[in-house]
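S.K.: The chain contents come next:
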Amino acid sequence: MIQPLLQIDRICVSYGDLEVVHDVSLSVAEGAVVTVIGANGAGKSTLLNALIGLNPSRGAILFGGNSISGNALEQRVKSGLGLVPERRELFADMSVLDNLLLGGFRRSRAERNETLETVLQKFPRLRERGRQLAGTLSGGERQMLAMGRALMARPKLLMLDEPSLGLAPRIVRDVFEILVELRSSGVSILLIEQNARSALKIADFAYVMELGRITASGTPAEISADTRLVESYLGFGKNTY
Amino acid sequence: MGRYRNLAPVVAIAILALPFSGLISDFWISLLSNIGIASLVALGLVVLTGVGGMTSFGQAAFVGFGAYTTAVLTIQVGLSPWLTLPISVIVTMVGAFLIGAVTVRLSGHYLPLGTIAWGISFYYLFGNIAGLGGHDGLSGIPALSIFGHKLLGSRDYFVVVWVILVLAIVATRNLMRGRMGRAVRALHDSSLAAEAFGVQSAAIKLAVFVYAAMLAGVAGWLYAHFQRSVSPGPFGITAGTEYLLMAIIGGPGRIYGAIMGATLVIVLRDQLQSLLPWVVGSAGNFEAIVFGAILVLLLRTATDGLWSRIFGPPSPPQFGSSPDGPTEPSIERPEPGSPLLEVRDLRKVFGGLVAVNDVNFSAPAGRIVGLIGPNGAGKSTTFNLITGVLRPSGGSVLFRGENVGTHTPQHMARVGVSRSFQHAAVVPDMSVVENVMLGAHLRGKASMVSATLGLDRAEEARLFAIAKRQLERTGLAGVAMAPVGSLSLGQLRLLEIARALALAPVMLLLDEPAAGLRVGEKKELARLMRELRQEGVGILLVEHDMDFVMSLADHLIVLDFGTGIAEGDAHAIRENPRVIEAYLGGVE
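Going line by line, the protein sequences match chains A and B.
Here the first sequence stands for residues 1 to 241, where the numbers follow the numbering used here.
Here the second sequence stands for residues 242 to 829, where the numbers follow the numbering used here.
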């Protein structure tokens, strides 16, 4: 069996004494789009932040066959993990180009300029807006800039935290189409989404997360057919409280 | 302080007796008088900068106000120094009120820069007014006298200085542990929360500014009669910076730290001046360099201030018990089911983004209404529009029939709307119970004056009892006296609710109260909310935990992209295809 690109085994993440992600295991195969879907508060972002190294976690993280669980954030980025954070977190007072160049901060100048060219080819919109301040972009453009900035570091695995957030359905479709293109250019993708239906449409494999646990996994077709998916978002109607 | 609390009076008496012990020389006695005078100014800064977060470099100018007022009135008008004391204080306070009314509004770096600006300008003003003696100043200021006995000796004067200092310490301590003190501390850390419980931030900041200036004015009066002459030099920006340094070295917000800081700065400077030429062997300005280096080291090593370094963090104040006062107010709540909050065509636009798009709903008394929707749907913005934190771009908010759409958070608190915050907005350096007492801010009346005089004890005991009662209701009674920093995430959420209840609300707005709670804690919270509903409190709840909100809410409103897309009971909402689409994404 081929070693998956990313494999995590029984990850737990806590804030203080409160554990919010419990024993989560998942894997991302090379060249695949894998999605983790679930309602707000399920612990998806917390899990992603733990993978990139923003939150401390317990458990094993193997990336490209090497354990990175002891590595600091910058080392994880260097080894090929890239994060497009929730709410994009752009440098609003800097130009689009400067935002992109910062994404390739660790690369040499020649390499950076070369990558910039390929990123701008992927996002012609960003080339048009190059001198504009990031804070003046529309929601969809911001999301593209956040993705472009992450790609500037030439990640092997691009992890996206809710790229559809706040975007109109038509724009969500555009953004997800770009993800499909990225996969065909060889980037593996871990997609955290609340917008389950859009994510399932492009994913090769899906996990459902609820209250800090993975409660279902399978192909998009299997997950879509599962009635529990709606329940995981809108509650079980059992009057637990 | 804790175990040192009872030592304070003993130490005070020991210090006052010091000059008559024959142990120390006249030189040290006058040095100690200078320390006492500087401590008064630093004490004001401990309140202004350390507690209130307003950094002032210009405090020396207020010392000048006090000093020049008494100098002119005693020399040129011939008034008695004791008569000029109140006049000096009033002149300083009026001056501070006028300056403060302009400067205190400044935020961020602009406030300290503003204080530097007037700190410099008053120095030149004092030096350029002929009536104040120009840069040479005024001399021949009469000494103080008591019952015909002139206080000429440094030992006599020492007693006057330190008696006044002790009085100022007592007044400042009283002020800081009372209702206004809590408001000032809260403003510094979380002005949003303070204002949501009715704290008038602008007025309180100005009052603190005037209080700090008053202490500086008293120090100026003391200084003038001690030196018997005044000139602009000691009232300039250099002196202002030194006073600030004294307050910071001692530790932000630490009253005795002011004295410690003043002692350190004055003794160090003086001793270095006499020691260094002897060590280095030439008369350069080495003391300034060494003085600076030592201060940098002190600031580096004791970031919380020296006082905290040595004596530990402050202990929470003690409150008396209040056997008779009722802890639940006899407010009349509207009939359950009668209209309470009505939101009509509410709209908020940020630049080109419509965050809240003509939203309509109502929340009656004695009902729990849930406001739900995916991330970014505009729920928190709606909350902020209702509570007066944001102004609507259109539409109206009616509370008990009154249009409150453009009112302040303080007004909303006064009409009985209380809230919790999504990210616990507590005051970290106060105890749990004091944070809850902040919620009862509007249920007390004590002014700053009555607080400094210690006349607010009965009221404080009552507010304490109110807070204790709400802590019992939320299951936090066991940690009432603990510092907020020691609480878990779940306990912090409950603390937010206890604080909201301390206002005695007619309506309660809870922003994700169940986030971070364990199952048992959620059950406890649900029980409490049902109890409140029973009492007729109207509850509006933003919550992501669907099982929680659907079990509790009588009625649900669903927002998506700022627009209301559905409302109804839990069953109807769960079946609604538009709601499912909003949460899970569209089926194309």
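Because the hints were derived from the structure by calculation, they are not lab data.
Ideal Cβ positions, reconstructed from N, Cα and C, are used throughout, including at glycine.
Please note: incorrect hints may appear among the correct ones.
Claimed, not checked - Beta-carbon label-pair distances, calculated as ranges: (1) Arg131(A) to Ala723(B): 51 to 57 Å; (2) Glu74(A) to Thr479(B): 43 to 49 Å; (3) Arg768(B) to Tyr15(A): 21 to 27 Å; (4) Asn601(B) to Ala168(A): 52 to 58 Å; (5) Asp174(A) to Ala723(B): 32 to 38 Å.
Said to hold, decoys possible - Simulated coverage check for chain B against chain A, where a stretch passes if three residues somewhere in it have a Cβ under 8 Å from a Cβ of chain A: (6) 475-486; (7) 729-739; (8) 745-752.
S.K.: Which constraints among the numbered hints does this structure fail? Numbers only, ascending.
M.R.: Numbers 4, 5, 6, 8 - these are the hints that the structure violates, sorted from lowest upward.
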